[in-house]
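Okay, here's what each chain looks like letter by letter:
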Amino acid sequence: MALRRLLAGFTLLLISGICFAISDRASTEQVSARLVASVDSVAPGSKIYVGVNQRIIPHWHTYWSNPGDSGLPTKIQWKLPEGASASDILWPIPGRISLGTITNYGYSDEVTLLSKINIPANAKVGEQFTAHASVEWLVCNEECIPQEVELELNLPIEATARQSSEGNSLIQKSLGQLPVASPWSVQVDSLTNGFNLQLGLSESQVKQIKDIWFYPADWGVIVQNIDQPYQQTSKGVVINLQAGESKLEPQQNLKGVVVITEQTDTGLVATGFNIDVAPKPAQINNAAEISFLSALLLALAGGLILNLMPCVFPVLSLKALSLVAHAHQSPLQIRLQGWVYTAGVLVSFALLAAVLVILKAGGAQIGWGFQFQSPIFVLAMAYLMFLVGLNLSGVFVIGGSIAGVGSSLADRGGYSGSFFTGVLATIVATPCTAPFMAAALGYALAQPAVKLFAIFLSLGFGLALPYLLLANWPRLQRWLPKPGLWMERTKQVLAFPMYAAAVWLVWVLAQQSGANSVVIALGGMVALAFAVWLYDTTRNTRTTTERIGTTSALAILLVTLALGYSGLNEANATEKSGATPQADQNWEPYSAERLKTLLAEGKPVFLNFTAAWCISCLVNEQVALSNQTVKDAFGSAGITYLKGDWTKRDGEITAVLNQFGRSGVPLYVFYPAGKNANPVELPQVLTPDIVLNSITNTPVN
Amino acid sequence: MFLRKLATSAIVALAFVGINAVAEPVVDQPAPAFSAKTADGKTLDLASLKGKTVVLEWTNNECPFVVKHYDKSSNIPGLQKEFTGKGIVWLQVISSAEGKQGYVDGAGAIKVNKDRNATPTNTLLDPQGTLAKLYGAQTSPHFFIINDKGTLVYKGGIDSIPSSKAEDIPKATNYVREALNAIADGKKVPNASTKPYGCSIKFAS
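Chains as they are written, first to last, in the numbering used here: chain A, 28 to 728; chain B, 658 to 862.
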C-alpha cells in the first residue's frame, strides 16, 4: 500500500520534472500544494509574504514545527535570486491529532505555511523575481508517506508592488492564525513532576473557553499524549502539564504556543499565544503548598493530636500509668525511659519515611494511609489490636515475672519495653490521619527525601512529646494519681477500644477481600487467643511444660499468620467487586469519565474520596453527608454526588488527590454549576452546616 | 515477645505494599519484564537474558522510516551485524496488528529479514501491542536498550536527524551505536533518552 503511494508520488515528481516548467502548483495523492504570494508584482527593497498552501484530503494530516510523538515537520528550502532571503517558516497554530497512544501536532484540511522574503534593493524593474521552493513533508493518516514537491513562482519586478487578491486572501488568513504575544500575564510554576502554566485571564474570559492546549516548541518537555487539565483560579486559568522525557535544564525557558478556543457570537475561534517563560519554583497559594517550616510545625501539632486517637490513647495512657508504677525508679531512669520511648517512635517514623522514599523512587503512586490498602497489612493490624486487647484484659502477661502489679505490655521494666512501646504507638497511629497532618504529609510526599524525613521525624516527635515531657518533668508527674487497684481496672477498660479497633479492621478487610476474609480473620483470632492462653497457663509451671507450652503457642501463632497470609491471597484472587447499589443510595461511584461528562455539561458535582480504613472519612459521611437535610439539599440543587473508594489502590484517584495537593483521603470537593466553575475544597472535618454552606454560598454561575 | 515480633513484622509488611506498582519504563530503572512469542515459534523471557545487553527495536518493514534505515541504507542491518557479533542480544519487535501496515507472521518476519540482509538475534511478534504498551513504544523504529543487570539504559530514536531521507544518515549521530559503545566501555550512556521518530505503531483499532 505504502509503497504504491510512494511510487505514485515519485511518478508525479518525475512527470513534473519531465515537463520542465515547474509551476506554482504540485499535487500528490494526498496533498495539493501551491505557492502563493501576497503580491502580484514585487518592488525592489520591499518585503513580501509568500506561503506554501497545502490542501490535504480528509483523514490525512501534515505536521507542525514540533510534530509531537511521531511525524516530521514540513520543510521548505528556498532558491532565490542573489541578494534575496527568506525567513524560517511562520507556523499557524496547529491542531492535535491523537491515535492510540500517540498525539501529534499538525494540520488537517488546509494550511498555508508562511515565509517572509526580502526583495533586494538592486532588483531590476522589468525583470522577473523567481522564488523556488523545494517542499518536503510527511503526510499521514494511520500510515505515513514522505513526499517532496518543487514549486516556483515568477513575479514581475515593478517600481510599486501590486497587491494580489487571491494569494493575499490565503496569506491574510494564515497571518490571522499565527500565534501572538500573550496580552495577559504568564507565569510558569515548576512542580516536582511538571508545570503549572498560569495565564491572567479575567473571569469572564475564562468562561468563554471551550478548549485550551499548550503545544510545546520541543519534543519531550511535556508528556504529549495525556490531558492537560485546567482550572480557574483567582489569578486566571492554570493549566497543569506533566513533565516528559527530556527535562528542562535550569536556565531553559518553557517554550511553545497556548491555543485557546473560545465561544464567540460567530462560533468557535482559536487563538494562539506564544509562551517563552522561565519556570519558577511553585508559589504558595493554597493550603497544600505550604512552606517547609510550617509543614514541620503542622507535623508536630499533628503528632501531638495523634496521642488522642482512639487506638493510640490506650497504649500511651498505660505508658503514663507505668510512670506511677515506676515511682520507685530514680528520676534519671524515668527520664531515660522517656528518651528511649521517643527513640522508638522516631526510628519507626524514619523507617516509614524510608519505605515511602523507596516506593516513591520506584515510581509508585502512593499516599498517606496507603499501607492500609494491603489486606495483609490490615489483617496483621487486626491481630495486633486484638493481642493488645487480650494483654490489657489480662488474658496473658508478657515477661518472666508475675511479681508486682500486672507486668504488662506498657510497663515492662526494661528500656527495650519503652522502645517497643514507641514502635507500637507509631504502628497503631498510622490509620488516624489527624486533620493537621493531611497538609503536612501532602507536602512531605512531594518533597525530596531529606525534607520528607524531617517532616516525618517532626510528626514522630509530636507523637512522643507528651510522654517525654511527663518523664522529664517531675512536677507533671505529681499530677498523676497514686497507684492502686484503679490502675488494673483502667487497663481492663482500655482493652475495649482495642477490640473495637480490631472489629473495625475486620470490617475494612471484608470490604477489601470479601466475606471469606472475615472467616480467616476471626478464625485467626480464636487461634491467637488460644495461643496466648496456652502460653500464659504454662508459663510458670515446670520448665518442660513451660517450654512445650511456649513452643506450641509460638507454633500456633506462626501457623495462624501463614494461614492468614495464604488465605487472604486466595480470597484476593477470587474476590469480585461487590459494590451493589442500594435503593436509597444517593451517590454514584466515581470515575474520571463520569466527572468529565458532568463538568462538561456544567452540572454541579460533589466529590467525596474516602476509604473504609479512614476513620475521619466514615465519621464525616455519617455525621454530615448522610444527614437528611444535606441529602435533601443535594437533591434539590441537582448535585450529583460522586464517591471514590480508595480502600484499595487506585491510581486514578491518587492522581486527583495529587492534583489537589493531597496525599490521602478524605478529600471533599464541590464543583458548582456552570462550565469551568471553580472547584471548592471542603475541610477534612465536616459538619452538615459546612457542607450546606459550601454548596449554597458558592456563587452559582 | 509476641508483641515485639508482631510489631516488627507489621513494619516489614509496610515494605511489601505497592511493589506491584506499574509505571512507564524509566531510564536507570529496571526494564519491565516480559515474555513474548518469537518468529521461530518459541517463547522468549526477558529474565532469561540477564547478564547480556539487550536491544529492543520496534520495527515495521513497510514504514518509510524503517525502509530508510534498512532497504535504502542497510544502516540498521549493519548495526545488527556489528553488535550481535559482540555478543549483544538484538530483538526486533513487530507490534503491527493483523491487517495493519507492517503485520507479518513468524515466517513472514524471517523472510523479510532475509530479503534485507537483516540479522537480529530474534524477532518478537506482538500483534496485540502488549509489549509496545508495556514499554511505551510509539514509533517504528523505536529503541530500548537494557544492560546486563536488567536496567533500562537507553530509550529513543535511532539517530539525531529525524527525516525520511537516507542521505541524512551519515550526518546524524547514531544514538544506538553511541549507547552500545558506551555500555561496552562501562561508561554512562551520554544521550540516554532521545526523541524517537518514525511511523506510529499500528495498534488494532
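It should be emphasised that the hints constitute simulated quantities derived from the structure, not laboratory data. Misleading hints may appear alongside valid ones.
[Said to hold, decoys possible] Just some of the chain B residues that point at chain A, by a computed CB distance under 8 Å:
(1) Y760
(2) K859
(3) F860
From a predicted model like this one, the values you see are computed outputs, not experimental measurements. A virtual CB, placed ideally from N, CA and C, is assigned to each residue, including glycine.
Cross-check of the supplied hints:
1. Y760: Violated, because the Cβ-Cβ distance from B/Y760 to chain A comes to roughly 12 Å (cut-off 8 Å).
2. K859: 7 Å, holds
3. F860: 5 Å, holds
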